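Participant: Going down the list, the sequences are from chains A and B. Be aware that the first sequence starts at 1, since it is given in our numbering, and climbs by one per residue. Be aware that the second sequence starts at 1, since it is given in our numbering, and climbs by one per residue.
These aren't lab readings, by the way, just hints derived from the structure by calculation. Computed from a predicted model, the values in this text were never measured in an experiment. Any given hint might turn out to be false.
Under the rule of at most 20 Å between Cα atoms (straight-line distance), these lysine to aspartate or glutamate pairs were calculated in the EDC-like manner [unchecked claim]: (1) B:K311 to A:E259; (2) B:K92 to B:E230; (3) B:K158 to A:E324; (4) A:K127 to A:E32; (5) B:K117 to B:D102; (6) A:K320 to B:D192; (7) A:K123 to A:E161; (8) A:K347 to B:E230; (9) B:K220 to A:E344; (10) A:K91 to A:E214; (11) A:K162 to A:E214; (12) B:K310 to A:E316; (13) A:K252 to A:E324; (14) B:K320 to A:E259; (15) B:K23 to A:E294; (16) A:K40 to A:D149; (17) B:K311 to B:D255; (18) B:K158 to A:E344; (19) B:K320 to A:D258; (20) A:K162 to B:E247; (21) B:K158 to A:E33; (22) B:K117 to A:E14; (23) A:K123 to B:D223; (24) A:K347 to A:E264; (25) A:K347 to B:D188; (26) A:K320 to B:E230; (27) A:K175 to A:D149; (28) B:K158 to B:D192; (29) B:K311 to A:D258; (30) A:K55 to A:D290; (31) B:K310 to A:E259.
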Amino acid sequence: MFDELSDYRKKIREFALREFTEETSERYDRNEEFPFEIAKKSLSLGMVDMENPAKILIAIEEMCRVDAGLGISATLPYFGGEVLFLFGNDKQKKILNDVYHGKVMLSLGITEPSGGSDVAGLKTFAKKSGNKYILNGSKMFISNGAIADYMVVLARTSEEEKRHHGLSTFLVNTKSRGFKATKLENKLGVRATNTAEIEFNDVELSEDDLIGEEGKGFYYIMTFFNISRIYVAGQALGISEGAFDKIKGYVKTNNITDEATMFEVADVSTRIEAARQLTYNAASYLFKYDPKPELTSMAKAYAGETAVYSSEKAMEITGKSPDESIQRIFRNAKIMEIWEGTSEVEKLVISRQILKGD
Amino acid sequence: MEDEYELLRDTVKEFSEKNLDEKRIETGGIVENIIQNIASQGFLGAKIPSKFGGSELDEKSYNIILREISKYSPSVAMKIFILNSLYYPLVKNTEMESTLSDASSGKMNVSVDFLNKNKIEGEKFNGTLNDILNADSNNIIVFGKGPSLVNGGTVMEKDFMGFRGLKFGDIKIESELQHINTKVTLNDILEDSYNAISSINLGLISGALDKAMEYSTIRKAFDSPLSSYEPVAFNLSRMVSQKNILETILNNNIDSYYALNFSMNILVETTRYALNVHGGYGYFGDFGVEKFYRDAMVMRSIFYGNSDLKKLSGHVYGNKVGFI
Ligand SMILES: Cc1cc2nc3c(=O)[nH]c(=O)nc-3n(C[C@H](O)[C@H](O)[C@H](O)COP(=O)(O)OP(=O)(O)OC[C@H]3O[C@@H](n4cnc5c(N)ncnc54)[C@H](O)[C@@H]3O)c2cc1C
């Protein structure tokens with residue numbers, strides 16, 4: 001599946017190398033500024049083909065290999081789109097075409113100030129009132145939060161004994177009255193991406209804004225995670241490869257041959273190959289509509305850890321004379337173990353899935 | 001620890017808590033007021049002889065200062081380290097020694113460069129020194145055949161992820177090279193600094209762990225404090241025990257090779273895990289934990305490498321090994 005796309009991969013790599021120059025990457029990183037132009041360009045030129053999931057994965061990987069801050073920003077306008085695609089009504093789905101072409105930006109609000117790992121513990125409430133819902137609460141660390149046109153929001157609609165039964169998803173227009181986004185600054189890495197804290201103060205939603213059925217939100221989001229975690233594995237794989245590019249370049253340019261460094265080179269490249277196999281394997285199930293949550297979580301957790309490992313090794317090996325681009329890779333990598341489920345959460349999923357059944 | 005050291009530790013801790021806000025220091029630099037404060041407390045010139053206005057403290061006291069300060073402000077600790085562990089031994093007992101007075105009173109900023117060796121020759125330096133930490137220095141020691149002193153110059157700042165309170169960048173310099181008449185080499189000063197480097201590492205580890213331990217008892221996930229989950233409790237407890245082992249090695253001056261290697265082995269993992277325990281909050285500067293991870297990685301890359309592993313191996317085997 002992925003081998004057939006080698007021309008597409010090449011095209012993306014060339015695009016990323018051309019657009020994500022060191023100077024551009026540094027600028028957006030320093031200023032913590034979202035690269036609107038780059039994001040638009042990548043979508044409007046059809047560079048990132050949002051309608052083919054294998055292509056999305058490749059685009060994410062190749063772009064993050066050059067610069068994760070810009071690469072993630074360029075591929076994130078669609079974040080949450082799968083929830084609409086799979087469960088949305090016709091009106092909601094209509095937005096997707098504009099999203100694919102970079103005209104409309106989405107975001108996804110699950111995490112709250114009081115917790116992200118425990119999704120079912122969220123407190124934001126959408127109270128039914130006649131044929132409307134009134135949304136109150138807050139969300140934390142929402143990517144695209146301050147720049148998105150719409151946000152897919154997971155909120156509680158009823159108090160149930162089983163907490164995850166009372167959750168529903170909504171499509172919220174960010175221009176709605178009572179919607180407030182505050183940009184969060186001073187991130188360690190992926191600083192070109194936009195992150196915000198969100199407040200909902202009596203935001204009025206119509207029944208049409210409900211995505212799918214009431215009470216099914218938790219299930220929808222878990223389905224979404226089975227997709228998005230593959231993409232995060234792709235981000236992490238790209239970061240790892242980018243770190244390895246730096247290691248390789250440094251070792252060759254400086255003619256380093258000592259055995260200790262050679263073993264590090266072997267170790268990093270072995271882990272990256274393992275992360276690649278895991279990611280593509282998990283993706284191949286997903287893209288045949290047969291997701292395997294344990295494989296997805298293995299790929300996400302392992303690729304995330306590999307990104308961190310490779311970036312730390314890149315810092316160590318190139319150490320004495322620190323290059324800004326390598327420092328940026330290091331700063332970017334750590335988010336891979338945090339968002340879309342921390343490594344710990346992935347390990348909970350993996351062990352539960354593996355031990356399930358006979 | 002004996003009483004006098006405990007007293008010193010408490011004094012430095014109290015001072016740091018009150019005066020050193022790394023978040024501010026990272027954005028605004030180590031301002032004059034802070035320099036005056038650390039100078040008047042005697043921390044800046046910790047090891048410098050009293051005839052040059054320093055505190056002439058013993059090794060152990062110096063290490064305590066570095067450790068306690070780097071818990072709060074790694075940048076300030078690094079500034080003290082550059083003067084006392086790198087600059088001072090190179091000018092000691094030479095005609096440049098008199099510069100120590102201005103350095104320990106904070107009137108003059110100093111730096112030592114390891115990276116631009118191949119550019120230094122002759123009697124003058126007219127060019128650019130790359131990647132200098134504490135770049136806005138009046139006096140910089142460079143290494144050609146031996147150490148020389150050059151005057152500072154115009155700094156072209158670069159982004160550097162560690163010790164952000166100090167200026168970092170390239171410096172355009174036009175200066176005489178004043179040869180320093182000493183037998184001390186770069187290798188010597190780095191090897192003699194193992195305990196000091198390990199003390200900064202210990203400070204970073206302790207600062208990060210203090211935050212993680214506290215957060216793990218306050219923050220709840222799935223309705224229970226993070227510390228109630230085995231992976232969190234086990235990892236943090238293991239890391240605290242490792243920190244205590246490092247502290248014991250340093251307090252009793254057991255072996256500086258062991259101290260350096262052990263501290264470098266636990267440094268990055270511990271600071272990374274401390275960030276991790278904070279979840280998404282850990283990724284933001286406001287929580288004051290990601291800085292430890294950045295500084296740790298910089299310490300690990302700059303002050304540790306193949307040559308230190310060779311030294312350790314030589315120390316353990318008692319002869320030269322690992323040379324193929
Ligand atoms: C830059 C950035 C962008 C983000 N973008 C989005 C977004 O667009 N949308 C969105 O909804 N969220 C987003 N997030 C939030 C992210 O998904 C959460 O930060 C993450 O899920 C962790 O939640 P938390 O921060 O509340 O940590 P917590 O849930 O408080 O966890 C803290 C620590 O405890 C550990 N832990 C928790 N429970 C257990 C357990 N049972 N056993 C062992 N360890 C445990 C966690 O692994 C973690 O290390 C973003 C975060 C960041 C930093």
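Participant: Could you run down the list of hints and mark each one as holding or not?
Facilitator: Right, here's what the structure says about each hint:
Of the pairs offered as hints, the one joining K311 of chain B and E259 of chain A holds, with about 16 Å between alpha carbons and a cut-off of 20 Å not exceeded. For the hint linking K92 of chain B to E230 of chain B, the alpha-carbon distance of about 52 Å lies beyond 20 Å, and the restraint is violated. For the proposed pair K158 of chain B and E324 of chain A, the alpha carbon gap of about 8 Å is at most 20 Å, so the pair holds. Note on K127 of chain A and E32 of chain A: the hinted pairing is violated, with a Cα-Cα distance of about 36 Å set against a maximum of 20 Å.
Of the supplied pair hints, the one linking K117 of chain B and D102 of chain B is violated, its CA atoms being roughly 26 Å apart against a limit of 20 Å. Restraint check for K320 of chain A and D192 of chain B: the C-alpha separation of about 19 Å stays at or below 20 Å, so the hint holds. Note on K123 of chain A and E161 of chain A: the hinted pairing holds, with a Cα-Cα distance of about 15 Å set against a maximum of 20 Å. For the suggested pair K347 of chain A and E230 of chain B, the alpha carbons sit about 13 Å apart, so the restraint of at most 20 Å is met.
Restraint check for K220 of chain B and E344 of chain A: the C-alpha separation of about 15 Å stays at or below 20 Å, so the hint holds. Distance check on the hinted pair: K91 of chain A and E214 of chain A sit about 17 Å apart at the alpha-carbon level, within 20 Å; holds. About 15 Å separates the Cα atoms of K162 of chain A and E214 of chain A, which keeps this hinted pair within 20 Å; it holds. The straight-line distance between the Cα atoms of K310 of chain B and E316 of chain A is roughly 16 Å, inside the 20 Å bound, and the hint therefore holds.
A distance of roughly 19 Å separates the Cα atoms of K252 of chain A and E324 of chain A; the hinted pair therefore holds under the 20 Å criterion. In summary, the hint linking K320 of chain B to E259 of chain A is supported, as the alpha carbons are separated by about 16 Å, within the 20 Å threshold. A C-alpha spacing of about 40 Å is found between K23 of chain B and E294 of chain A, which places the hinted pair above 20 Å, so the restraint is violated. Pair hint K40 of chain A plus D149 of chain A holds up; C-alpha atoms about 14 Å apart against a cutoff of 20 Å.
Of the supplied pair hints, the one linking K311 of chain B and D255 of chain B holds, its CA atoms being roughly 13 Å apart against a limit of 20 Å. For the suggested pair K158 of chain B and E344 of chain A, the alpha carbons sit about 36 Å apart, so the restraint of at most 20 Å is broken. Using a Cα cut-off of 20 Å, the hinted pair K320 of chain B and D258 of chain A holds, with the two alpha carbons roughly 16 Å apart. With a C-alpha separation of about 48 Å, the suggested pairing of K162 of chain A with E247 of chain B is violated against the 20 Å cut-off.
For a cut-off of 20 Å, the pair hint linking K158 of chain B to E33 of chain A stands: about 18 Å separates their Cα positions. Our distance criterion of 20 Å between C-alpha atoms is broken by K117 of chain B and E14 of chain A, whose separation comes to about 37 Å. Under the criterion of a C-alpha separation no larger than 20 Å, the hint pairing K123 of chain A with D223 of chain B is consistent with the structure, at around 13 Å. With a C-alpha separation of about 26 Å, the suggested pairing of K347 of chain A with E264 of chain A is violated against the 20 Å cut-off.
Our distance criterion of 20 Å between C-alpha atoms is broken by K347 of chain A and D188 of chain B, whose separation comes to about 47 Å. Straight-line distance between C-alpha atoms of K320 of chain A and E230 of chain B comes to about 38 Å, which puts the hinted pair past the 20 Å bound. Taking the CA atoms of K175 of chain A and D149 of chain A, the gap is about 7 Å. The hint holds against a cut of 20 Å. Under the criterion of a C-alpha separation no larger than 20 Å, the hint pairing K158 of chain B with D192 of chain B is inconsistent with the structure, at around 29 Å.
Of the supplied pair hints, the one linking K311 of chain B and D258 of chain A holds, its CA atoms being roughly 15 Å apart against a limit of 20 Å. Straight-line distance between C-alpha atoms of K55 of chain A and D290 of chain A comes to about 18 Å, which keeps the hinted pair within the 20 Å bound. About 12 Å separates the Cα atoms of K310 of chain B and E259 of chain A, which keeps this hinted pair within 20 Å; it holds.
Taken one by one, the earlier hints fail for this structure at numbers 2, 4, 5, 15, 18, 20, 22, 24, 25, 26, 28, listed in ascending order.
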